[in-house]
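All chains, please: the whole structure from these sequences, using the hints.
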Amino acid sequence: DTEVTQTPKHLVMGMTNKKSLKCEQHMGHRAMYWYKQKAKKPPELMFVYSYEKLSINESVPSRFSPECPNSSLLNLHLHALQPEDSALYLCASSHVGTGNNEQYFGPGTRLTVT
Amino acid sequence: AQTVTQSQPEMSVQEAETVTLSCTYDTSESNYYLFWYKQPPSRQMILVIRQEAYKQQNATENRFSVNFQKAAKSFSLKISDSQLGDTAMYFCAFMKHERRGNLIFGKGTKLSVKP
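Residue numbers (the working numbering), protein chains in the order written: chain A, 1 to 114; chain B, 1 to 115.
Hints in this document: simulated from the structure, not taken from any laboratory.
One or more hints might be untrue.
[To be verified] No farther apart than 25 Å at their CA atoms in a straight line, the calculated lysine to aspartate or glutamate pairs in the DMTMM-like style are these:
id : chain 1 : residue 1 : chain 2 : residue 2
1  : A       : K36       : B       : D26
2  : A       : K41       : B       : D26
3  : B       : K110      : A       : E102
4  : B       : K55       : A       : E102
5  : A       : K9        : B       : D86
6  : A       : K19       : A       : E52
7  : B       : K110      : A       : E44
8  : A       : K40       : B       : D86
9  : B       : K73       : A       : E44
Here it is, written out as structure tokens:
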């Protein structure tokens with residue numbers, strides 16, 4: 001199984017809503033990532049989890065709150081978002097360490113903030 | 001800081017022909033990884049090919065091959081026998097050896113394969 005799954009595929013939320021994005025992988029990867037991708041732009045790294053612990057936070061606003069409940073799951077909790085947060089949110093996973101460190105991406109959640 | 005530059009925002013190629021996408025990068029590191037990722041329209045990003053900087057041999061994956069010139073800091077992707085399914089945005093990406101996980105992407109090249 002070389003698949004990273006993400007739910008939901010699409011999400012529309014108001015600025016006062018609270019919602020969560022979910023990511024799951026069963027490849028035995030111990031590193032998981034959240035990226036934000038605006039239209040026609042490359043992905044921008046938001047967070048990295050290594051062995052279920054947050055290892056990189058790229059100065060992301062606190063209205064985005066990541067969570068890694070176990071080695072297969074990664075959540076991104078959203079609260080009080082702004083319209084400029086509308087984007088494709090990508091999850092990825094990889095092995096930790098040298099060697100097989102390529103990241104496998106999920107299909108993304110397309111988020112619209114109204 | 002590391003930067004990745006893709007100087008061709010858009011390219012097109014006829015089906016069955018060969019096309020080369022350019023990528024240059026700037027780093028003071030000696031040990032790092034380079035990747036080409038493909039993102040088809042409305043579909044997920046997939047890894048095309050991977051190169052480790054300490055390996056002089058250019059990586060190949062079926063119709064995809066790279067020309068890695070470490071001294072020139074160049075990492076171009078050659079697609080042979082282009083197929084309609086190769087139509088996608090292609091991103092070149094850099095990763096430092098000791099900061100694994102932090103992929104630095106170029107701005108991408110939109111490739112259109114025409115029948």
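Task: Structure versus earlier hints - violations, ascending order - done: none
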